[in-house]
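Going down the list, the protein sequences come from chains A and B. For the first sequence, position 97 matches number 313 in my numbering, and the numbering has no gaps at all. For the second sequence, position 1 matches number 231 in my numbering, and the numbering has no gaps at all.
Read the hints as simulated data drawn from the structure, not as lab findings. A few of these clues could be false.
Lysine-lysine pairs mimicking DSS-like chemistry, simulated, CA-CA at most 30 Å apart [stated by the list, open to error]:
(1) A:LYS336 / A:LYS259
(2) A:LYS219 / B:LYS236
(3) B:LYS293 / B:LYS236
(4) B:LYS236 / A:LYS259
(5) A:LYS259 / B:LYS259
(6) B:LYS270 / B:LYS259
(7) B:LYS295 / B:LYS236
(8) A:LYS219 / B:LYS295
(9) B:LYS293 / A:LYS219
(10) B:LYS259 / A:LYS336
(11) B:LYS295 / A:LYS259
(12) A:LYS302 / B:LYS295
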Amino acid sequence: MVKHDYNFWVLVQPSADVPGEWIAHCLEVDVVTQGTSINDAFKMAAEATTMVVCEDLAAGRNPLDRRAPDEFWAELWPVVNDGSRKSLREVAANSGSVRCVAAQLLMHATIVEMDPSTHKPRELPDGWDVPALWSKGRDSAVHA
Amino acid sequence: MVSALKAMGLTVDPAPGGGSHYRAVLDGKVYPIPAHNGTKTEIADVYIKGVCRCFSLDYAELKKKL
Numbered sequence: 217m218v219k220h221d222y223n224f225w226v227l228v229q230p231s232a233d234v235p236g237e238w239i240a241h242c243l244e245v246d247v248v249t250q251g252t253s254i255n256d257a258f259k260m261a262a263e264a265t266t267m268v269v270c271e272d273l274a275a276g277r278n279p280l281d282r283r284a285p286d287e288f289w290a291e292l293w294p295v296v297n298d299g300s301r302k303s304l305r306e307v308a309a310n311s312g313s314v315r316c317v318a319a320q321l322l323m324h325a326t327i328v329e330m331d332p333s334t335h336k337p338r339e340l341p342d343g344w345d346v347p348a349l350w351s352k353g354r355d356s357a358v359h360a
Numbered sequence: 231m232v233s234a235l236k237a238m239g240l241t242v243d244p245a246p247g248g249g250s251h252y253r254a255v256l257d258g259k260v261y262p263i264p265a266h267n268g269t270k271t272e273i274a275d276v277y278i279k280g281v282c283r284c285f286s287l288d289y290a291e292l293k294k295k296l
C-alpha cells in the first residue's frame, strides 16, 4: 500500500465568456473545470482533480507531471501575497465583488494492490470498509 | 464539447458516472469535462484551452468543431 498526500492550489475566477459561471483551475495537475457559483466551482475542482489523480496513479503516472504552465502560477501569487484571507462563506456571500479566489485542496490518496482473482483490494487503508474507487481488471486501484 | 472531442479522436464516457464530469480519454490519459448541465453545459474558452494543453490538440481545430 502506497500513500500520497497532496496540497493542490485551486484558483477560482468568474468566467470571462460564460455569464454566471465560475472557472476553477487546479494548478498542480492543470485541470480546468467550472461551476455555477464559487462554492460549486470548488466542489467541481475537487471532483475533477480527484478523477485525474486517481486515473494517473492507477496508470502508474505521476499526476504532478501535468503541472500548469508558469503563466497560470503567475496569477496565483498576487492573490496569495496581496489578497485578504476570508472564509469561503464570506467570499461566497460577496461573490459579486470577487475577482479571484485561491484555496488549497488537500488530498490523501492510497494505492492498494488488487487481488486479480477477486478484483478486490488485498488490504484496505485504516478506517475504510469499502474503497471509494477501484478499477476492475487493473493491478492496482486508487482511492482518495 | 463531447461531440467535438470525439471528432478529435478522444473517447468520452457516455455518462458522467455518478459525478458531474464526463471522462475524456486519449492514449490512456484522462481529462474531465464539466457536465453540470449535461451535454448542454456551456463551456468556457479557458477550459477549451486546458483540454487542448492536456492532449496537445489544435485549439483552432477544436473550436471549429464546437
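Practice item. List, from low to high, the hint numbers that the structure doesn't satisfy. Key: 2, 8, 9, 12
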